[in-house]
Amino acid sequence: MDIAEVLKHTSPDLFIPDLEASDKTAALAGLVEGLISGTDIQNPDTILQMLQSRENLGSTAVGPGIAFPHGRTLAVQRLTILIARCPAGVDFDSEDGDPTKLFFMLIAPPQDTGHQYIKSLAALIDCIQDADLREKLMAAGDYESFCEAMREG
Amino acid sequence: MHPQLQLLVALQDMDEMLRETEEQGEEFEGLGFKHGGLEDLKKAREELASKIEPSLASWYRRLTGKFGHAVVPVVGNLCTGCFANIPSSFVSKTNVNKVQKCESCGRLLYWP
Numbered sequence: 004m005d006i007a008e009v010l011k012h013t014s015p016d017l018f019i020p021d022l023e024a025s026d027k028t029a030a031l032a033g034l035v036e037g038l039i040s041g042t043d044i045q046n047p048d049t050i051l052q053m054l055q056s057r058e059n060l061g062s063t064a065v066g067p068g069i070a071f072p073h074g075r076t077l078a079v080q081r082l083t084i085l086i087a088r089c090p091a092g093v094d095f096d097s098e099d100g101d102p103t104k105l106f107f108m109l110i111a112p113p114q115d116t117g118h119q120y121i122k123s124l125a126a127l128i129d130c131i132q133d134a135d136l137r138e139k140l141m142a143a144g145d146y147e148s149f150c151e152a153m154r155e156g
Numbered sequence: 006m007h008p009q010l011q012l013l014v015a016l017q018d019m020d021e022m023l024r025e026t027e028e029q030g031e032e033f034e035g036l037g038f039k040h041g042g043l044e045d046l047k048k049a050r051e052e053l054a055s056k057i058e059p060s061l062a063s064w065y066r067r068l069t070g071k072f073g074h075a076v077v078p079v080v081g082n083l084c085t086g087c088f089a090n091i092p093s094s095f096v097s098k099t100n101v102n103k104v105q106k107c108e109s110c111g112r113l114l115y116w117p
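These protein sequence lines are chains B and F, in that order. FYI, in my numbering the residues of the first sequence are 4 to 156. FYI, in my numbering the residues of the second sequence are 6 to 117.
Quick caveat, the hints were computed from the structure, so don't treat them as lab data. Idealized CB from N, CA, C, for every residue including glycine. Check the hints yourself; a few may be wrong.
Label pairs and their in silico Cβ distance ranges [stated by the list, open to error]: (1) B:P67 to F:E32: 17 to 23 Å; (2) B:M141 to F:E27: 34 to 40 Å; (3) F:R24 to B:D129: 24 to 30 Å; (4) F:E32 to B:D99: 19 to 25 Å; (5) B:G92 to F:E31: 29 to 35 Å.
Using the sequences plus the hints, can you model the full thing?
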């Protein structure tokens, strides 16, 4: 799956340029709040509980300064991706101990039988390996320039 | 949403996570994700399941065994498990705080 395809699952309303969070719990709450306000999705508690369970299984902060909170829940009808930057960084239990500054949150319905979200995760993780791209993403002025950098990545 | 339905939805989400970890764990590990908390997640699942009323928990187990998923979303007045029409009375104020079952297939209904 190419990045342009992945980006079809997000939108300007699902972009948080400056997430503020003091810890992992607050970061997850902020991401879910952004998801709810940017869509017609309801039931934030269900989504937050699923994400917290997923983090208890193992941290999703697997990239350099990047986390990919993800999972399936009945609370959504289609794959939805929220992008957030946290310029100050937040401790997200990454293996290297570095603060997390960039989030790609992928929420999929149980009936996503084509495993679109796993393919999207793989494409994002592959794309984000480039350090120059990561710098561009953190510096991008708005959602459009962020996505353009991703597509050119 | 009825508190018991909230628990059932959370339980099904957790079961989905456990199933995915067991069936596709290697694929996720190939992407860099680790699953060191699997046993803790199983314990959390049992703790959550213990909060569900026995009759509903039994119904959940029975339907999961039969259909794979016991709780399904209602979309466009249809049960997305069997596509039977869901009477509009099911979403009336008098019913909104009950755990509803599809009259056709018996699946537990969730309005997303």
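Margin query: Tell me the hint numbers this structure goes against, listed in increasing order.
Written below: Result: no hint breaks.
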